[in-house]
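Trainee: Here are the chains, one letter per residue:
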Amino acid sequence: MYRYDEFDAKFVNERTAQFRDQAERRLRGELTEDEFRPLRLMNGLYLQLHAYMLRVAIPYGTLSANQMRVLALIAEKWDKGYGHFTTRQNIQYNWIKLEDTADILQALADVEMHAIQTSGNCIRNVTTDHWAGAAADELDDPRPVGELIRQWSSLHPEFSYLPRKFKIAITGAPHDRAAVKVHDIGLRLHKNAAGQIGWEVMVGGGQGRTPLIAVTVRDFLPQNELIAYLEAIMRVYNLYGRRDNKYKARIKILVHEIGAAKFKSEVEAEYAKHPAQQTQVEEAELARIAKYFAAPKFEKLSRFSPAFEEARRADGEFSRWARNNLAPHRVDGYTIVNISLKPEGGIPGDATAEQMRVMADLAEAYSADELRVSHAQNIVLAHVKLEDAYALWQKLKAADLAAANYGLAGDIIACPGLDYCALATARSIPVAQAISRKFADVKKQEEYGPLKINISGCINACGHHHVGHIGILGLDKKGEEYYQITLGGSSSENASIGTILGPGFAAQEVPDAIETILNTYMKLRERGEEFLVTYRRVGPKPFKEALYATA
Amino acid sequence: MSNEEKGQVMTANRLRDGDVVFLTRSGAWSEKIDDAVLAQEPQALAALETRAADDVKRNVVTGQYLFEATRIGGKIRADHIRERIRTLGPSVRTDLGKQADGTAGAFQLDEA
Amino acid sequence: MPLLKSNAFVADDYISVPDDEPLPVGGKFIVSFARLQRDWDEIACDPAVIGVRVANTEHAEGAMDYLSKVDLIVLSFPAFSDGRSYSMARALRLDGYRGELRAEGNILPDQLQLMRQVGFDSFVVSDRFPLQVWQAAGQQMSLAYQRGLFRKANETEVWSSRHHGFEPWEEQPHAG
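Chains as they are written, first to last, in the numbering used here: chain A, -10 to 540; chain B, -7 to 104; chain C, 127 to 302.
Keep in mind that the hints were calculated from the coordinates and are not lab data. Any given hint might turn out to be false.
[As the list claims (entries may be wrong)] Label pairs and their calculated CB-CB ranges: (1) B:ASP93 to A:GLY468: 26 to 36 Å; (2) A:GLU288 to C:ARG288: 25 to 35 Å; (3) C:GLU187 to B:ALA20: 48 to 58 Å; (4) C:HIS289 to A:ILE186: 18 to 28 Å; (5) A:GLU469 to B:LYS67: 14 to 24 Å; (6) A:GLY517 to C:SER287: 53 to 63 Å; (7) C:ARG254 to A:LYS466: 43 to 53 Å; (8) A:LEU62 to B:GLY94: 20 to 30 Å; (9) A:LEU62 to C:ARG288: 23 to 33 Å; (10) A:ASN483 to B:GLY19: 34 to 44 Å.
[Unchecked claim] If you want the footprint, here are the derived chain B segments under chain A, 3+ residues with CB under 8 Å: (11) 33 to 39; (12) 49 to 61; (13) 80 to 88.
Since we're looking at a predicted model, the values are computed, not measured. Note that beta-carbon positions come from the ideal geometry of N, C-alpha and C, so glycine has one too.
Let's have the full structure, built from the sequences with the hints guiding it.
Mentor: Next up, the structure:
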């Protein structure tokens, strides 16, 4: 993974010193809150329901064991012993003090991390496939380009005061695990007819109040034109994006309002005025970065690991976990380990400092010293030998990290919701916990098959409910929390926005409603098809009837 | 019911450490909702707004706002679940926040 | 309001002429972009040095058509969160504008470096902050990752520094 050179190190150190100065000036009253707010947001510090919240960047979701240990240290020293992994591959701390923040940023800088631009009207963390570099279907690892974009977008002087936040996602595989179609800019690596590698550029996807699927503005953009083309898109957005209404200020609104064709022509006109030139520097830089993402030294192993198979035969619990939580690796004898941070009845995405250390140790011992955060709020160890899986699993089990529900009904994605967030309209975590407890039996979850249940505590959709197979949106009706259910969303390459089924439910009714939905699916499914396939075949009607049938 | 009194409470976060605080009659900020002043009359509400705005300018607090609450038997209950969570802590981590450090309100989340 | 230029407060030798007042003859004055276009025939013959004030809802690149007379372009920041003029400034510089570029409106010391990097030379600032605050804020970052910036405080361009044999981007003639 990427390692800072002296430039990167100097940059984060200067940025930290700059923030320290800004915070001190704020505390001395030399900056008003209105003046300070955009500055602290650009360093990831929010004011939330109970305290300040700090969102630390985990670029393209990749971090080292040592960095994970520092995240654990921060949780213990400056927070309350835990952190929350987010749907954008970052980590959040909920109990931060302003007066400690500069010290925390310095502790991060010391291990090549930061909280730069994890909030504010600027370009945010670039997110990607959590199986990058390991997945069998990948064309190429997109993370070098993720790092290139991270650097290019860091304190970009032209794009630091955009109409609104800006989120970029990239994928290097045909099966999209990065939700690129519901991002402000989505980039998909692919080969053209001539066999060259380049990018499909998609713009204007997003969730929130106005969920939209991105439109393609370029089918194939050569790699060396990427930065210049991104600048053209950003300039059009910065100049023409709406600034009159916070809820209409994302680029998706601009694309929708002027139409895809007009938007594309604006971008192309801007790009024609300022096209890519002297791209040798960007190319040299990308080549330099790519060296850091060279694959680890894999051993020559057979596809079949007798030790692994024996462990599965001998230990039913391990076998279940292996069946659900391991994904195929492109190298024989290796596997991708998905650590579910969704224990039965637990808080999705939360990990204690101790658990972070366990995962760091496991990464160091078994997975080339590298971890990933997925936007489903789980942790990935991408390069584990099958023969090591059992030992690794036993250590996960000892740390309460062995939930065998990866990608199943128990692997619920939920934002922090009204328990933590000043923007929320309802709680999301208790609903996740209730559903998790109701479907605790992993055997039953396996029968349902792959299922994405997403819960958002408000219309800002940080739980990504619009792209959940089952989406749950928490709202407020006359001071009471109630929950609207959507079906049929997907964040894959065949992206879709979920359909609202009907009137909402009280919190205690939601788990039963989910059960009704799943029972309906089981009745209708053919040849063991997955939930989304059934839904797309039969539509919402049978589910509506089952949910809202009069007794 | 005759023991009930409706009004509004001013809350904010302490600038330095982000702790949730409530404005008291004396003009000081307390971490406990039961110490807060409950205002009904327009003049009293305006006084709370002014005082809070002054303390924002003096860099004592930030993020100030009024919310509706009811005094019942001498204690104050926030009317909306959002502020009840604010006076207690996360409902899913009862070991954290005011509910754990002794500065919580008298009322539980769903208690009337 | 002080004019910040080359890291010091300087006198402003331009005067702003309202749209409905007659144009002075000679000297240095600033007119609105609408007036520049409307009264171009008169202005083109005026011996004065002209500045043009472009609102951030107009198309600043249009001012490039008047470069035979325009030595100063003034762009505005109606709110410090309104970032349109950053793009307007950079586009002007990328298109080859080398005259003075001035920022006015809501400008914070913490934005000074960013504004210089997109090409601003001078800044009409509020007198809220003493000069030292502007000077200090203006040199907090010594590095920039982006290419095609117009560094006025000598920030190092990271990518071209990493790879020998490449000049910082803006030194190259613009191809477009």
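Trainee: A separate judgement is required for each hint: does it hold in the structure or not?
Mentor: How the hints compare with the structure:
no., hint, in the structure
1, B:ASP93 to A:GLY468: 26 to 36 Å, "holds (27 Å)"
2, A:GLU288 to C:ARG288: 25 to 35 Å, "holds (33 Å)"
3, C:GLU187 to B:ALA20: 48 to 58 Å, "holds (56 Å)"
4, C:HIS289 to A:ILE186: 18 to 28 Å, "holds (21 Å)"
5, A:GLU469 to B:LYS67: 14 to 24 Å, "holds (23 Å)"
6, A:GLY517 to C:SER287: 53 to 63 Å, "holds (58 Å)"
7, C:ARG254 to A:LYS466: 43 to 53 Å, "holds (46 Å)"
8, A:LEU62 to B:GLY94: 20 to 30 Å, "holds (28 Å)"
9, A:LEU62 to C:ARG288: 23 to 33 Å, "holds (31 Å)"
10, A:ASN483 to B:GLY19: 34 to 44 Å, "violated (60 Å)"
11, 33 to 39, "violated (count 0)"
12, 49 to 61, "holds (count 5)"
13, 80 to 88, "holds (count 6)"
In summary, the structure is inconsistent with hints 10, 11 from the numbered list given earlier, while agreeing with the others.
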